[in-house]
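Place chain P on chain H using the hints.
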Amino acid sequence: MTSTRSFWALFTVLTAIAAHLCYILFVPSQQFQTKLETILAENGVNTLTRAIPGTAAASIAEYPDELTYALCLFDLSTGPLRINARVPDQYWALEVYNQRGGTIYTLNDKQAPRKQFSLYLYDDDPDPEAIVNAANSVGSSINSITVLTGTKTGIVVIRSAAANRLESARSAEALQHTSCSLASN
Amino acid sequence: MNPSVRFAVSVLVGVTVGIVSARYMTTEQSPLFTDQYGNWKNWPVAGNPANNPYTQAKFIANGRLPEHFSEVLTFYRDRDDSGDKLTEDCSYVMSIERPTARRWSISLTGNASNTRQLLTQDDVISEDRKVVVELSASPQPGNWLQMSNAASPHVVFRLYDGDTITAQGPSGGGTLGLPSLKRVSCS
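These protein sequence lines are chains H and P, in that order. Each step along the first sequence adds one to the number in numbering that gives the first Met the number 0, with nothing skipped, and position 159 is 158. Each step along the second sequence adds one to the number in numbering that gives the first Met the number 0, with nothing skipped, and position 95 is 94.
Just so you know, these hints were derived from the structure itself, not from any lab. It is possible that part of the hints are untrue.
Residues of chain P placed beyond 10 Å of chain H at every Cβ, according to the derived structure [unchecked claim]:
hint : residue
1    : T33
2    : V92
3    : S125
4    : E126
5    : Q145
Residues on chain H that point at chain P, a partial pick, calculated with CB under 10 Å [what the hints assert, rightly or not]:
hint : residue
6    : R99
7    : T102
8    : Y121
9    : I154
Footprint (simulated), chain H over chain P, 3 or more residues, beta carbon under 8 Å [said to hold, decoys possible]:
hint : region
10   : 96-106
11   : 116-124
A virtual CB, placed ideally from N, CA and C, is assigned to each residue, including glycine.
So here's chain H without its partners, still in its complex pose (with noise of 0.2 Å):
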């Protein structure tokens, strides 16, 4: 009879480690998968969007009255990606995420080589000559970062501050500077 107990218990033990596992190793990340998809359905893959409210990009922004956002949903398959970005004269940070929502590489204003330089992600290392063939091309900036992502595919996000009126303005129009394509385009 105890031993029958014992049993069950530890059998409703188990279960409960199986199903906690699970729902921390898969559900988070397939909810979160499905927000991408969304936004891809909304945007389109290699192309930089705002976040504005209402939209599917919008719902990454954890402080959208603190911060403006504006991501880019990459996939490297085709080739690298070029992020040709402007740094407004304030706080701004560039972050390049995998598709489980963990950091590759980060930027900020202060770190940033120029007010105006381009971002190569490359998936794996690329060929030397490949580098300074994407840097010498038409539409690059003379001043350019190469990142290793490990990955095809993931999203960049780029935030800037936005309290106030001065500072929206100020992110809107290194927004409108700030692009987002395959470097073969």
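The following block gives chain P in isolation, referenced to the frame of chain H:
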């Protein structure tokens, strides 16, 4: 009890406990993966590529991408300095020495309308380095955050600036000078 009934009950109880505990572990109330500074809490590995699955789940389950911990530190609290839950029936005073971070904000969330009351370093009025903010349902002179129909008020304190965070943050061994929050009166 019939073995098949036992099996069904065990699975039901196990799955329920597993899911409820997993959901709890990814809330701000979870004590295991948050750093505690008095009554302030922080998810220390937010944005870190080496973070644990609970931190990752906490953010992406809500569809949020966590800011890297070297860019922004975010602290939460839902209790005053005495450890009592914040309630809209009471008014509070928050005070802090003006942070050295080039950018910071204090906000109040949890209002029924889901609106967020926000004060940034540019909004606050202070004669010297000390910043005082009042939290109450009725308007107050000076720096004020409105607790309007707040079912579960939370105060959020955010510090921007990698250099300051590196120099003064928890891993830097210094003090970030987090604000105190004292209850003044209750209706």
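Now the hints, each set against the structure:
Interface exclusion of P/T33 from chain H stands, the closest Cβ pair being 16 Å apart, more than 10 Å. At roughly 23 Å from the closest C-beta of chain H, the C-beta of P/V92 stays outside 10 Å, upholding its exclusion from the interface. No Cβ of chain H comes within 10 Å of the Cβ of P/S125; the nearest lies about 17 Å off, and the non-interface call holds. Even its closest Cβ contact with chain H, about 22 Å, leaves P/E126 beyond 10 Å, as expected for a residue assigned away from the interface.
Against the 10 Å criterion, P/Q145 stays outside the reach of chain H, whose nearest CB is about 14 Å from its own CB. Satisfaction of the interface hint for H/R99 is found here, the shortest Cβ-Cβ separation to chain P being roughly 7 Å, below the 10 Å cut-off. The beta carbon of H/T102 is positioned within 10 Å of a beta carbon in chain P (closest approach about 5 Å), and the interface hint is therefore held. With its C-beta approaching chain P no nearer than about 17 Å, H/Y121 sits outside the 10 Å limit, and its interface hint is violated.
Annotation: H/I154 was flagged as interfacial toward chain P, and the flag holds, the nearest CB pair being 7 Å apart, inside 10 Å. Given a C-beta distance limit of less than 8 Å, the hint that chain H covers the region 96-106 of chain P holds, as 4 residues qualify and 3 suffice. As drawn, the region 116-124 of chain P meets chain H at 4 residues by the rule of a beta-carbon pair under 8 Å; at three or more, the given contact holds.
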